[in-house]
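Heads up: the protein sequence lines correspond to chains S and V, in order.
Residue numbers for the first sequence follow our numbering, beginning at 4 and rising by one.
Residue numbers for the second sequence follow our numbering, beginning at 28 and rising by one.
Any given hint could be a false lead.
Simulated restraints, written as ranges between beta carbons of each label pair [unchecked claim]: (1) Ala79/V with Arg182/S: 45 to 51 Å; (2) Val185/S with Arg56/V: 29 to 35 Å; (3) Ala79/V with Lys10/S: 36 to 42 Å; (4) His214/V with Lys7/S: 30 to 36 Å; (5) Gly101/V with Arg387/S: 57 to 63 Å; (6) Asn191/V with Ser72/S: 25 to 31 Å; (7) Glu25/S with Arg56/V: 41 to 47 Å; (8) Lys48/V with Phe134/S: 32 to 38 Å; (9) Ala173/S with Asn191/V: 54 to 60 Å; (10) Val139/S with Arg124/V: 50 to 56 Å.
Subject to a maximum C-alpha distance of 30 Å in a straight line, what follows is the list of computed BS3-like cross-link-like pairs (lysine-lysine) [said to hold, decoys possible]: (11) Lys194/V with Lys11/S; (12) Lys10/S with Lys194/V; (13) Lys10/S with Lys206/V; (14) Lys168/V with Lys10/S; (15) Lys11/S with Lys211/V; (16) Lys194/V with Lys206/V; (17) Lys168/V with Lys7/S; (18) Lys206/V with Lys11/S; (19) Lys57/V with Lys10/S; (20) Lys194/V with Lys7/S.
Please keep in mind that the hints were generated in silico from the structure rather than gathered at the bench.
Even for Gly, the Cβ is constructed at its ideal location relative to N, Cα and C.
So the chains spell out like this:
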Amino acid sequence: MFTKHYKKELSAYAHGELTAEETEHVAAHVRACAACRAEFEEIRLGVRLAECLPEAAAPESLWEGIEASLTKDSAHAQQRHSQIQTHGQTQLEATRSQLSTRSQQSKRFRRARTILFPGAASIFSSNRRAFAAACVVACAVAVAVGAWLYVRATRPSWEVARIEGTPRIASDRIGERGRLGVGEWLETDDASRAEISVANIGAVEVEPNTRVRLIETRLTEHRLELARGTLHARIWAPPRLFFVNTPSAVAADLGCAYTLEVDDAGRSLLHVTAGYVALDAGERESIVPAGAACLTKPGTGPGTPFFEDASEEFVGALARLDFDGDRASLERVLKGARARDTLTLWHLLSRVGADERARVYERLAALAPPPEGVTREGIVRLDRAMLDAWKDQLEDRWIDGGIPAVRKMWRKLWN
Amino acid sequence: MESGVLMSEGGACESVIEACKTGDREAFRKLFEKYKDRVFSVALYFFGGDEATASDVTQQVFLKLFTRIAQFNGEAEFTTWLYRLTTNACVDEHRKRRRFLQFGDETQVLEPRVRSSNEDTLARAEVAGAVKRAVSALKPKLRVVMLLKYFEEMSYEEIGAVLNLSKGTVASRLNRGHKILARKLGHLRAELVRAEQES
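The following block holds chain S by itself, in its conformation from the complex (with noise of 0.2 Å):
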């Protein structure tokens, strides 16, 4: 069995050069191809390492060598030219001596009007400083407003589309579609719906009663806040790439489908629906494969994540743990999980103490035995690696529900 590796292309790839229907290729594959996931974390850092290349400043001193020699040829094109100019100096004098008859005519009319209408001088004048006066200001604000156009226009933003309602963009309805700017939010009312364009890695459905504000738009990351309310998101970019914000945590893209949402409290639920998401908080970090879910709140960050199919007995002695600081309720989680939720113990054991982890240890241990040479005085310590080790190997059973045995084969054969 052979497939296509994408080495070539993931520069283009990280660089969103590639179309719609080859990123999604790609995002597909480095998410399957260990190999070509290592390959692109490279291509990566260098991406973001290229980014930090900073501009030089030029000396001052070129423009004087510029102007110099530009002095020194168009002397010698003034040379070149002076005999078209002798042959032009009667033209020029017969010019100058229309011009002096008009002045005559222009002199004339003036006093004419002086003495036909003796204030009009004075009232012409003023009306003349007004005039100028006006024109100043008027060229003032088109200015002011051509660059404020121009700033608007040039702002990076995504294409929002209307799906019912009216969604509004900086207070102001939106039409069919509308264009999010950087700095600016998008309202939803009780009875409006619209979708986002993340640049050209996915699309964000956005549900009534929202408020979602894009902070950022560039190669290396896209950035969305959501203050409150429900939104879908459908990703195929690499990794960490698309990053939503909220209230509690920062919920970070590793090539997904998921549904967030806030409310006025600043607690959240995240709902990961294919893929993987990331919820950041300070030094807090959970891991969140599709089919589970994790709820955070302001001041805690994210709590411990769970699959949906848990028992609501779990599900609550977990939420008591994480955010009441209940330590009773340890023993319910540990006695009511199953094989599966060796994603919630593995999460617990770097969030209790000493002495409960290795109670969390000895559960986790008896669901699914460690791999060789992690050991039970390494996870009691914390020993990064044997954690990573762990979780590399448990891995496997919180995405096995969603995929199929052909591809679990796949996975095997080329990992």
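Given chain S's structure and the hints, the job is docking chain V onto it.
Frame of chain S; chain V shown alone:
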């Protein structure tokens, strides 16, 4: 002369170019001020940080630009035309100098002096310094595509138009450039994250 109009960020305003065609010195100056740093930066990195050569090349580019601007008919983007002049001038100068250089001399890399501001933080300065050394040490053909991409934010197609290369070749050279940077500077990952957070 109509040279006092606003120049757009992406390209030179048509009226400024038209004014240059009539020999308006003030318009020349505007065009020079707008592009001098970017042309100088491309030349500086192309010649591995050699400021004197970069200054010479920048002067040549602008003199050529001003003497030939009447030939610019607007079919291509002005920036494509300007950077074609720049890269051609760099390549010509490189060829001239190679004739007089001993083997090995041309691989010497000086550190380009770049503008710094009080806003530059330690992490940013450290990463920027390492990146400019690494870019200066790239092969010229890789370096020039990186410079056009990151100073000019040109698309692959535009870079191809400047350098007479296919889009695929541009992609492949950028791929190689990115990999070399990542391999040389992979140890700066933490500083890079800090620098990105600071910016």
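Is it true that the C-beta distance of lysine 48/V to phenylalanine 134/S lies inside 32 to 38 Å, as the hint says? holds, 34 Å
Within 30 Å, alpha carbon to alpha carbon, are lysine 168/V and lysine 7/S? holds, 28 Å
Beta-carbon spacing of alanine 79/V to arginine 182/S - inside the hinted bounds 45 to 51 Å or not: Because 47 Å falls inside the window, the suggested range holds.
Are the Cα positions of lysine 11/S and lysine 211/V separated by 30 Å at most? Holds, at about 20 Å.
Assuming the hint says 57 to 63 Å, is it satisfied by the Cβ distance from glycine 101/V to arginine 387/S or not? holds, 58 Å
For a C-alpha distance cap of 30 Å, please report whether lysine 206/V and lysine 11/S respect it. holds, 11 Å
What's the verdict on lysine 10/S and lysine 194/V, does the C-alpha distance respect the 30 Å limit or exceed it? holds, 16 Å
Holds or violated: lysine 194/V with lysine 11/S, Cα cutoff 30 Å? holds, 12 Å
Do the beta carbons of valine 139/S and arginine 124/V sit within 50 to 56 Å of each other? Holds - the Cβ-Cβ distance for valine 139/S and arginine 124/V, about 54 Å, lies within 50 to 56 Å.
Hinted pair lysine 194/V and lysine 206/V, Cα distance within 30 Å: holds, 18 Å
Looking only at beta-carbon atoms, does the pair histidine 214/V, lysine 7/S fall within the given range of 30 to 36 Å? holds, 33 Å
Hint says 54 to 60 Å; check whether the CB-CB distance for alanine 173/S and asparagine 191/V agrees. Check failed, 44 Å falls outside 54 to 60 Å.
Going through the hint list in order, the structure does not satisfy hints 9, 19.
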